[in-house]
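Number of protein chains: 2
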Amino acid sequence: MSTPRQSRADRRRATEARILDSARELFAEKGFDRTTIRAVATAASVDPALVMQYFGSKRELFSRAVQAFSVLPETPDSDALVEQLLATLDFKLGGLPEGAVAMLRSMLTDPAAAEYVRDALDRQIDGVSAALSPATEYPELRAALFVTTLLGVTIGHQFLGLTALHGAPPDRIAALLRPAFKALAEPSG
Amino acid sequence: MSTPRQSRADRRRATEARILDSARELFAEKGFDRTTIRAVATAASVDPALVMQYFGSKRELFSRAVQAFSVLPETPDSDALVEQLLATLDFKLGGLPEGAVAMLRSMLTDPAAAEYVRDALDRQIDGVSAALSPATEYPELRAALFVTTLLGVTIGHQFLGLTALHGAPPDRIAALLRPAFKALAEPSG
DNA sequence: CCATTCGCTCAACACTTGTTGACTCACCTG
DNA sequence: CAGGTGAGTCAACAAGTGTTGAGCGAATGG
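Those sequence lines, one after another, are chains A and B.
Going by full-length UniProt numbering, the first sequence opens with residue 1, and the numbers climb by one from there.
Going by full-length UniProt numbering, the second sequence opens with residue 1, and the numbers climb by one from there.
Don't read these hints as lab results, they were simulated from the structure.
Watch out, some of these pointers could steer you wrong.
Identical copies look the same in the list; a pair holds intra-copy or inter-copy alike.
[What the hints assert, rightly or not] The calculated DSBU-like cross-link candidates involving lysine-lysine, where the alpha carbons are at most 35 Å apart (straight line), are:
1) Lys182 to Lys58
2) Lys92 to Lys182
3) Lys92 to Lys30
4) Lys30 to Lys58
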């Protein structure tokens with residue numbers, strides 16, 4: 001066996017990916033503070049020092065692990081705004097990427113995560129606001145209510161496991177939310 | 001001065017109250033994990049060991065500090081359900097007691113806090129559900145949507161400081177939410 | 001007024017944490 | 001095949017954590 005099955009660079013990339021996967025999973029499950037570098041290293045079958053060598057710090061590891069986080073994949077257009085918002089429910093209730101879960105889970109206790117989420121939601125609110133009919137009063141506020149409503153439902157479902165939400169199919173939730181969202185989108189407040 | 005201005009028992013009660021106040025404030029500001037017994041003790045001008053002596057453990061201190069937490073003060077009645085829900089917005093946006101803030105802030109990272117909040121919200125959902133018109137389809141789910149919506153708005157405002165929500169007066173938020181809530185309370189889904 | 005209680009502090013333990021530097025050894029290159 | 005490079009490990013440090021037991025001194029009660 002003169003040649004190993006994997007080149008050094010390949011192994012390197014693989015270990016780095018394994019570390020990032022373990023980190024993402026643990027950050028999503030326990031949040032930033034309660035996830036230790038040692039736990040990540042163990043989950044990735046690697047020495048803790050290697051995690052440091054690759055990512056420099058726990059913070060940097062977190063940033064790298066959760067990157068490409070987005071709550072609302074696409075920017076909505078004005079025609080079917082409500083339907084587009086409701087369509088993200090499928091995504092939010094169960095299909096949420098681990099990076100997003102990690103970010104959301106840490107947002108109430110880690111200022112850096114809070115800032116990140118706030119900025120992301122602010123951007124999202126701007127998008128929704130712009131998609132509302134121009135005649136609408138208080139478009140930013142309405143947009144914020146759309147977004148925070150979805151945030152609340154997500155938290156209640158994914159993080160708290162509220163019993164009334166637990167068994168409900170996303171379609172039914174969307175169906176009940178639809179009239180409410182339509183009312184919220186009505187220009188005449 | 002044969003008699004001190006405060007009896008020993010008075011001093012004891014006062015110190016205990018001071019510790020509880022400091023704990024509540026710090027737990028509300030930083031959450032369970034990031035609040036240290038030493039920090040609480042310092043804020044209360046007391047030795048860390050005394051905190052342990054009085055409360056036994058950090059967990060117990062937390063429980064005692066946040067006690068009497070409730071998100072929805074009164075159980076709603078069926079007539080003016082929506083108005084009662086909207087009326088809690090004043091309370092939630094700024095007037096939230098520190099104990100509640102502490103509990104909410106820790107709910108995503110501390111399983112004990114998560115369970116507490118989940119149970120509290122479940123109970124609240126039951127109450128709202130019972131207050132809905134008997135002809136309503138999926139009353140628990142609708143109730144859950146009411147509660148999670150308010151939760152989302154609260155988080156967006158109090159914890160994330162979303163810009164679109166920051167400057168908005170509670171009345172205006174309530175006014176915009178009213179048609180949406182009315183639609184959600186409509187028996188015909 | 002003296003013995004006792006008890007509020008309170010001091011110093012320390014045992015543990016976990018993020019982080020670092022020296023080291024080993026397999027792989028790559030000339 | 002020899003020398004270097006770099007992936008990966010080992011052991012340790014320094015700081016911070018919850019928690020504990022011995023002790024001090026003032027209020028208390030007989």
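Each hint, compared with the structure:
Within a single copy, Lys182 and Lys58 get their C-alpha atoms no closer than 44 Å, and across copies no closer than 47 Å, so neither meets the 35 Å cut-off. Within a single copy, Lys92 and Lys182 get their C-alpha atoms as close as 20 Å, and across copies as close as 25 Å, so both meet the 35 Å cut-off. Taking the shortest alpha-carbon separations for Lys92 and Lys30, both the intra-copy value of 19 Å and the inter-copy value of 27 Å come in at or below 35 Å. Taking CA atoms no more than 35 Å apart as the test, Lys30 paired with Lys58 passes in both settings, with 14 Å inside one copy and 19 Å between copies.
The structure fails to meet hint 1 from the earlier list, while all remaining hints are met.
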